[in-house]
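Residue-level listing of the chains:
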Amino acid sequence: MRIPFVYNVRSVAQRPLSTAMTALGVGIVVAVFVAMLALANGFSAALASTGSPDNALVLRRGANSEMVSGISRDDAKIIEASPYVATGGDGQPLASPEVYVAVNLHRLGDSASEANVVVRGVSDAAFQVRRNVKITAGRRFASGAAEVIVGDKLVGRIAHTAVGDTMHFGGRDWLVAGHFSAGGSSFESEIWGENEQFMPVFRGQVFQVVAFRLKDPAAFDAAKRSFDADQRLTVDVYRENEFYDSQSELLTRILRFLAVMITGIMAVGAVFGAVNTMYAAVAARLPEIGVLLTLGFKPRHVLASFLAESAAIALVGGLVGCLFALPINGIVTSTTNWNSFTEVAFAFRVTPGLLAAGLIFGVVLGVLGGFFPARRAARMPVVQAIR
Amino acid sequence: MPLVEMRDVHKRFERDSQVVEVFANMTVTFEPGSFTALMGPSGSGKSTLLNLIAGLDRPSAGTVIVAGADVGTLNAARLAAWRARHIGFVFQAANLLPVLTAAQNVELPLLLTPLSRKERRERVAFALGIVGLQDRMDHRPRQLSGGQEQRVAIARAVVADPTLILLDEPTGQLDAKSSEEVLSLLRRLNDEFKKTIIMVTHDGHAAAKARTVLHLEKGVLVERQGATA
Amino acid sequence: MKFLPLVLANLGRHKLRSALTVLSVALALFLFASLRSVVTTLDASAQFGSATRMVVQNATGIVFPLPLSYASRLQATPGVEAVTWANWFGGQYGDGKRFFANFAVDPASYLAMYPEIAVPADQRAAFLQDRSSALIGSQLTRIFGWKLGQDVTLRGTIFPGDWTFTVRGIYTTTAKSIGEDALMFHYDYLDERTQHRVQPGWFVLRIADASQAPAVARRIDDDFRNSSAATKTGTEQAFQAGFVTMWGNVQFLMNSIGMAVVFAILLVTGNAMMMAARERTAEVGVLKTVGFADRTLFTLVIVEAGAIALAGAALGLGAATGLYGNGRFTFGGFLQGFRVTGATQVLGVGLAVLLAVASGIVPALRAARLPVVQALRKVE
Numbered sequence: 000m001r002i003p004f005v006y007n008v009r010s011v012a013q014r015p016l017s018t019a020m021t022a023l024g025v026g027i028v029v030a031v032f033v034a035m036l037a038l039a040n041g042f043s044a045a046l047a048s049t050g051s052p053d054n055a056l057v058l059r060r061g062a063n064s065e066m067v068s069g070i071s072r073d074d075a076k077i078i079e080a081s082p083y084v085a086t087g088g089d090g091q092p093l094a095s096p097e098v099y100v101a102v103n104l105h106r107l108g109d110s111a112s113e114a115n116v117v118v119r120g121v122s123d124a125a126f127q128v129r130r131n132v133k134i135t136a137g138r139r140f141a142s143g144a145a146e147v148i149v150g151d152k153l154v155g156r157i158a159h160t161a162v163g164d165t166m167h168f169g170g171r172d173w174l175v176a177g178h179f180s181a182g183g184s185s186f187e188s189e190i191w192g193e194n195e196q197f198m199p200v201f202r203g204q205v206f207q208v209v210a211f212r213l214k215d216p217a218a219f220d221a222a223k224r225s226f227d228a229d230q231r232l233t234v235d236v237y238r239e240n241e242f243y244d245s246q247s248e249l250l251t252r253i254l255r256f257l258a259v260m261i262t263g264i265m266a267v268g269a270v271f272g273a274v275n276t277m278y279a280a281v282a283a284r285l286p287e288i289g290v291l292l293t294l295g296f297k298p299r300h301v302l303a304s305f306l307a308e309s310a311a312i313a314l315v316g317g318l319v320g321c322l323f324a325l326p327i328n329g330i331v332t333s334t335t336n337w338n339s340f341t342e343v344a345f346a347f348r349v350t351p352g353l354l355a356a357g358l359i360f361g362v363v364l365g366v367l368g369g370f371f372p373a374r375r376a377a378r379m380p381v382v383q384a385i386r
Numbered sequence: 000m001p002l003v004e005m006r007d008v009h010k011r012f013e014r015d016s017q018v019v020e021v022f023a024n025m026t027v028t029f030e031p032g033s034f035t036a037l038m039g040p041s042g043s044g045k046s047t048l049l050n051l052i053a054g055l056d057r058p059s060a061g062t063v064i065v066a067g068a069d070v071g072t073l074n075a076a077r078l079a080a081w082r083a084r085h086i087g088f089v090f091q092a093a094n095l096l097p098v099l100t101a102a103q104n105v106e107l108p109l110l111l112t113p114l115s116r117k118e119r120r121e122r123v124a125f126a127l128g129i130v131g132l133q134d135r136m137d138h139r140p141r142q143l144s145g146g147q148e149q150r151v152a153i154a155r156a157v158v159a160d161p162t163l164i165l166l167d168e169p170t171g172q173l174d175a176k177s178s179e180e181v182l183s184l185l186r187r188l189n190d191e192f193k194k195t196i197i198m199v200t201h202d203g204h205a206a207a208k209a210r211t212v213l214h215l216e217k218g219v220l221v222e223r224q225g226a227t228a
Numbered sequence: 000m001k002f003l004p005l006v007l008a009n010l011g012r013h014k015l016r017s018a019l020t021v022l023s024v025a026l027a028l029f030l031f032a033s034l035r036s037v038v039t040t041l042d043a044s045a046q047f048g049s050a051t052r053m054v055v056q057n058a059t060g061i062v063f064p065l066p067l068s069y070a071s072r073l074q075a076t077p078g079v080e081a082v083t084w085a086n087w088f089g090g091q092y093g094d095g096k097r098f099f100a101n102f103a104v105d106p107a108s109y110l111a112m113y114p115e116i117a118v119p120a121d122q123r124a125a126f127l128q129d130r131s132s133a134l135i136g137s138q139l140t141r142i143f144g145w146k147l148g149q150d151v152t153l154r155g156t157i158f159p160g161d162w163t164f165t166v167r168g169i170y171t172t173t174a175k176s177i178g179e180d181a182l183m184f185h186y187d188y189l190d191e192r193t194q195h196r197v198q199p200g201w202f203v204l205r206i207a208d209a210s211q212a213p214a215v216a217r218r219i220d221d222d223f224r225n226s227s228a229a230t231k232t233g234t235e236q237a238f239q240a241g242f243v244t245m246w247g248n249v250q251f252l253m254n255s256i257g258m259a260v261v262f263a264i265l266l267v268t269g270n271a272m273m274m275a276a277r278e279r280t281a282e283v284g285v286l287k288t289v290g291f292a293d294r295t296l297f298t299l300v301i302v303e304a305g306a307i308a309l310a311g312a313a314l315g316l317g318a319a320t321g322l323y324g325n326g327r328f329t330f331g332g333f334l335q336g337f338r339v340t341g342a343t344q345v346l347g348v349g350l351a352v353l354l355a356v357a358s359g360i361v362p363a364l365r366a367a368r369l370p371v372v373q374a375l376r377k378v379e
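Keeping their order, the protein sequence lines are chains A, B and C.
All residue numbers for the first sequence refer to numbering that gives the first Met the number 0, where the first residue is 0 and numbers rise by one.
All residue numbers for the second sequence refer to numbering that gives the first Met the number 0, where the first residue is 0 and numbers rise by one.
All residue numbers for the third sequence refer to numbering that gives the first Met the number 0, where the first residue is 0 and numbers rise by one.
Among the hints, a few may not be true.
As the list claims (entries may be wrong) - In the DSS-like style, the derived pairs of lysine-lysine whose C-alpha atoms are separated by at most 27 Å in a straight line are:
| no. | chain 1 | residue 1 | chain 2 | residue 2 |
| --- | --- | --- | --- | --- |
| 1 | C | Lys146 | C | Lys96 |
| 2 | C | Lys14 | C | Lys1 |
| 3 | A | Lys297 | A | Lys76 |
| 4 | C | Lys1 | A | Lys223 |
| 5 | C | Lys1 | B | Lys117 |
| 6 | B | Lys176 | B | Lys193 |
To be verified - Here are some chain A residues the structure puts well away from chain C; computed CB gaps all over 12 Å:
| no. | residue |
| --- | --- |
| 7 | Ala85 |
| 8 | Gly155 |
| 9 | Gly182 |
| 10 | Phe271 |
| 11 | Thr334 |
| 12 | Glu342 |
FYI, nobody ran anything at the bench for these hints, they're computed from the structure.
This one's a predicted model, so the numbers in the text were calculated from it and none came from an experiment.
Every residue gets a Cβ at the ideal spot worked out from N, C-alpha and C, and that includes glycine.
In isolation and in its complexed conformation, chain A is listed as follows:
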């Protein structure tokens, strides 16, 4: 014989305000949980979706970010000639030797702010190598011209990024020819232009990285061995997606740590709140518990009943919390990836998995909070309960 749930529902309805406040308390904790993890997710997703396993990146040996790497023109030619590099329809290697620097720009509306924005000088092949890059406004920069295209995430965050605007960096003016998207990846936080145009302005005749499409993605290890063995080069080769993954490691770890710590502390407070509510509920319903026990329900039925009630209240709270956190999805924010010392803009990312995790988290809070009170209810000697 189980205690019918309608008993719990009616009892809860007797104290609507108190129940609502407890549920809301749980809800807020769940909302913060979801929001903070969405922040961490958004950041790591932006970097994880950057790069494809079909592509490889070549950097100078020992460089831990594109910023500090350097590959000479000659070396770039050697890399392009490798048999592991795929060829395009026109017979040209699908390889893009690129210039990578970070320039100091102001955030829109705040001329005192500083952002180190990535400026990447690419070759034509880049648009084939990096498949998910699409022009979303205007057009591509013209070869030989002082023109750039701006990643979608920078538009509206950095000054002078509208199509037709003129940006100024490196001592020169650059026309914004268009905007581009790149599947939500960190490329959308970059400004792209032609590598040959950037070289004289920034670091001279040296590239920072060569990105190429693997002729056979499964043969990456062989490709890596080949480059390692090549006496003419001193380079490291990475799968493109794995490389960008590692770039995000530090900040993702920090964000996740923050998320766990903050929600952990809040959760303890919420559990205390739930404990209080449930103890009061039990105390108020002692006579009823006595009656139930007299009727023949077992103590563990009483325990289960109160636990279920606590869990249900928390579940409702969790649902509300998830609803609160949902609108955050897609909001773009930016910070500095201290690993590469560059600005990266990314969107909060609320996934169904995250929402589910939030709900479960909420229910766990409710069960934890209800446990001891429920146990007290179950252990109550009948005589004491009905007095």
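Use these hints to put chains B and C onto chain A, whose structure you have.
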């Protein structure tokens, strides 16, 4: 000069859109030093009458003058202060605060006076002495018997030396022995200390201890011959 | 004041409930203080720095170097008293997981520029003399266990290879703008080993008169505007502040979470107060009968809520202040001087008071307004 004077008092209650008239044209006086028992069947309004005298409720019409004050016209704040000074009330259930000791419970009315801590403690000791519970000063209510709790309640009622002591079914929850303790105490308060007492009860035995017995029936107050004075 | 025993007795009625509520408030205020301290620390670091020191960087970006030849031109600029330079090295020690600042400096002029860096005279001389030596902050002896005279090898990231230095000096600092966990070595050593391919990352100047800063900055930037590397000159404070803005909208994030935390705890406390009040309706009736005024009962409830809130505040704010000490936690070097400021504590106490009022107001009003007769009806 009567201590309590009720003139032409009407009292109505509205409960769930039903209007209940408890009594009308109630006129009665109580002299200082009197000990009156107020009897009547359930629902006759005797508790209501007591509440009106205590200033806990207002008459629907008419005047209630207690210790020289027209309680129907005092505002809530004045009423509270007046009550603190003039009224000692004892409930059917002793209604001691379970978190306080007997002494702290008795001290409560004194917190509303400007007396110093030392003076308060003396008065509390005195009051508990009168009711014979000085040795239980530091006990919590749950450590006392029903009769003892009620006696502490009486101590609380008299500690501030009020003008009037009102009791609502004081022996209703007590056994015979405890009832006897309480009633003897009341008698002593009236005989020795000349306290004016009005006691609502439906216990004839309790009423016998009073000097005057009034019956409230169908809104009408009638004096019946009480027991020996 | 004489009513205090009554308030305390009421709180002691359900010791567990009171304790849990106090702990909830403590946790919330601990969290609040922590979050707020991130904001205040970042804000404060933007105010570190001397008023007479200025930083000259490459206008294109901090990652671009400046020609060493600029040094003499900067020295000759009117208003400038002294010049030094440095270059970010970015080396890693061991597995590289523990970040610390390391950069190449021109030793004599750099130490002269920063008198706040205190080095014992003999160590200073040794550092200046040995070209392959390093000057380390005192914290590094604790973090990595380095000692005077020890050889330390860093793995270069910007400048590849293994770089070994001999620790010749350990410094402490009185300036908040310089951490005590940095490593400095000779610029000339860097220059030599890179076959003269390196250039200064930034220049630091001392000016004679702080009020001259804007004029000097303008003069220098105008001077180099059309050179190979245009400059961006600003006060040391502005330079630090720039770093803070690189964090992005941290302030907003921390404040939002802080508010959510406070609101959540308000619900917990309010709930506890309401439950307590509901159970005491009868007693309110008794007290009113005894003659307690409505206003007194109102105050008693508020004071009760206040006692819980302030106890929680003392516990939570105290824990945060004690835990973070005076700048021991730097979160890997990113938040120098992290501590709970007096302003944060005051804010925390203010929140606690607000909490007390907000959570107690409804039960207090109910208690005050409860008609005695109604309360008494529950009594019999």
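Do the hints match the structure? See the list:
no.	hint	in the structure
1	C/Lys146 / C/Lys96	holds (20 Å)
2	C/Lys14 / C/Lys1	holds (22 Å)
3	A/Lys297 / A/Lys76	violated (81 Å)
4	C/Lys1 / A/Lys223	violated (82 Å)
5	C/Lys1 / B/Lys117	holds (12 Å)
6	B/Lys176 / B/Lys193	holds (25 Å)
7	Ala85	holds (29 Å)
8	Gly155	holds (14 Å)
9	Gly182	holds (22 Å)
10	Phe271	violated (4 Å)
11	Thr334	violated (4 Å)
12	Glu342	violated (8 Å)
Going down the numbered hints, you'll see the structure goes against 3, 4, 10, 11 and 12, while the others check out.
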